[in-house]
Amino acid sequence: MTSRMLIIIRVLWVVATAALMAVWNVNAWVFLLVLPALGPLLREVAPAPDLDERQRLLDYRASHYALIVSYLVLFALFARSWFQLKQEPPVELWLLIVAPLVVRVVISVVQGYGGRKMALILGFVCGSLWLAFSTVSHGVSPESAIGLGLIAFTAIGIRWPNVGGVLLILAALACIVFLIPIGYRNTGRDIIVGAVLLLTLPLPLVLAGVGLIVAALRAKRVARDDFVDMRPTA
157 MTSRMLIIIR VLWVVATAAL MAVWNVNAWV FLLVLPALGP LLREVAPAPD LDERQRLLDY
217 RASHYALIVS YLVLFALFAR SWFQLKQEPP VELWLLIVAP LVVRVVISVV QGYGGRKMAL
277 ILGFVCGSLW LAFSTVSHGV SPESAIGLGL IAFTAIGIRW PNVGGVLLIL AALACIVFLI
337 PIGYRNTGRD IIVGAVLLLT LPLPLVLAGV GLIVAALRAK RVARDDFVDM RPTA
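Per my numbering, the sequence shown runs over residues 157 to 390.
I should point out that these hints are in silico values taken from the structure, not numbers from a laboratory.
Glycine residues also receive a C-beta, built at the ideal position from the N, C-alpha and C atoms.
Wrong hints could be hidden among the right ones.
As the list claims (entries may be wrong) - Label-pair restraints from in silico Cβ distances: (1) 257 / 236: 36 to 46 angstroms; (2) 335 / 205: 46 to 56 angstroms; (3) 251 / 194: 15 to 25 angstroms; (4) 161 / 285: 35 to 45 angstroms; (5) 228 / 164: 27 to 37 angstroms; (6) 187 / 345: 36 to 46 angstroms; (7) 281 / 161: 25 to 35 angstroms; (8) 335 / 219: 32 to 42 angstroms; (9) 298 / 223: 19 to 29 angstroms; (10) 205 / 249: 15 to 25 angstroms; (11) 223 / 285: 19 to 29 angstroms; (12) 295 / 194: 17 to 27 angstroms; (13) 285 / 337: 14 to 24 angstroms; (14) 166 / 220: 18 to 28 angstroms.
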């Protein structure tokens, strides 16, 4: 997709949004918020052939700086809620932190360390965070056993990746079946709360479990014999 085509798509998007505002609802301008993500998304699906490596690097760097600025703004908003307003931040802010953070961590770890290390890092981090928060909130309690269990399942995955992977996936399913519905009901069935809960625990555990299993399957593949075609046949 060329840069010219991308400009045309953006212009058409703005025109369509303006038409919706005129004939449907003035709040349809919200579709304009998709524009900053539309360009990068289309370039990932169909890279622009008229961009050189330097231009692509500048584009990725701009997105990187935008993420940094976004997290600095979120830090300011959280600090304002806790220290100035003396109240808990809106749950939407938690979603804005968790969603891009999960994506960034998973992609960075997979590309930098591979699926197995990504799985182990996610498993140990999830278990440690759960254990830390439960200990701070309730002291040594039955809730702490969940964090210890996640750490144990991940440790099992070091020696037996298939077993550890299955256990982590089962733990994620247990969170989806038991923990998330409880938190969802206790917060007035807020969809945003459900999304935050889903992103913070079950999703990383599923990724960790799948990462261990896939890494184990790849390790079992028999290396291809490059000289097989040179062997005499009967």
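Outcome of the hint check:
Taken as a hint, the range 36 to 46 angstroms is violated for the pair residue 257 and residue 236, whose Cβ atoms sit roughly 20 angstroms apart. Checked against the hint of 46 to 56 angstroms, the pair residue 335 and residue 205 passes, with Cβ atoms roughly 48 angstroms apart. A hinted range of 15 to 25 angstroms holds for the C-beta pair residue 251 and residue 194, which are about 20 angstroms apart. For the pair residue 161 and residue 285, the supplied restraint of 35 to 45 angstroms holds, since their beta-carbon distance comes to about 44 angstroms.
Between residue 228 and residue 164 the C-beta distance comes to about 34 angstroms, which sits within the given range of 27 to 37 angstroms. Checked against the hint of 36 to 46 angstroms, the pair residue 187 and residue 345 fails, with Cβ atoms roughly 27 angstroms apart. A beta carbon spacing of about 41 angstroms between residue 281 and residue 161 contradicts the range 25 to 35 angstroms that was offered as a hint. Remark: the range hint 32 to 42 angstroms for residue 335 to residue 219 is upheld by a beta-carbon distance near 34 angstroms.
Taking the beta carbon of each, residue 298 and residue 223 are about 38 angstroms apart, not inside 19 to 29 angstroms as hinted. Take residue 205 and residue 249: their Cβ atoms lie about 39 angstroms apart, and the range 15 to 25 angstroms is violated. At about 21 angstroms, the beta-carbon gap between residue 223 and residue 285 stays in the expected band of 19 to 29 angstroms. Under the hint 17 to 27 angstroms, the C-beta atoms of residue 295 and residue 194, about 48 angstroms apart, miss the expected range.
Taken as a hint, the range 14 to 24 angstroms holds for the pair residue 285 and residue 337, whose Cβ atoms sit roughly 21 angstroms apart. Between residue 166 and residue 220 the Cβ separation comes to about 21 angstroms, which falls inside the hinted range of 18 to 28 angstroms.
Of the numbered hints given earlier, the model fails hints 1, 6, 7, 9, 10 and 12; all others are met.
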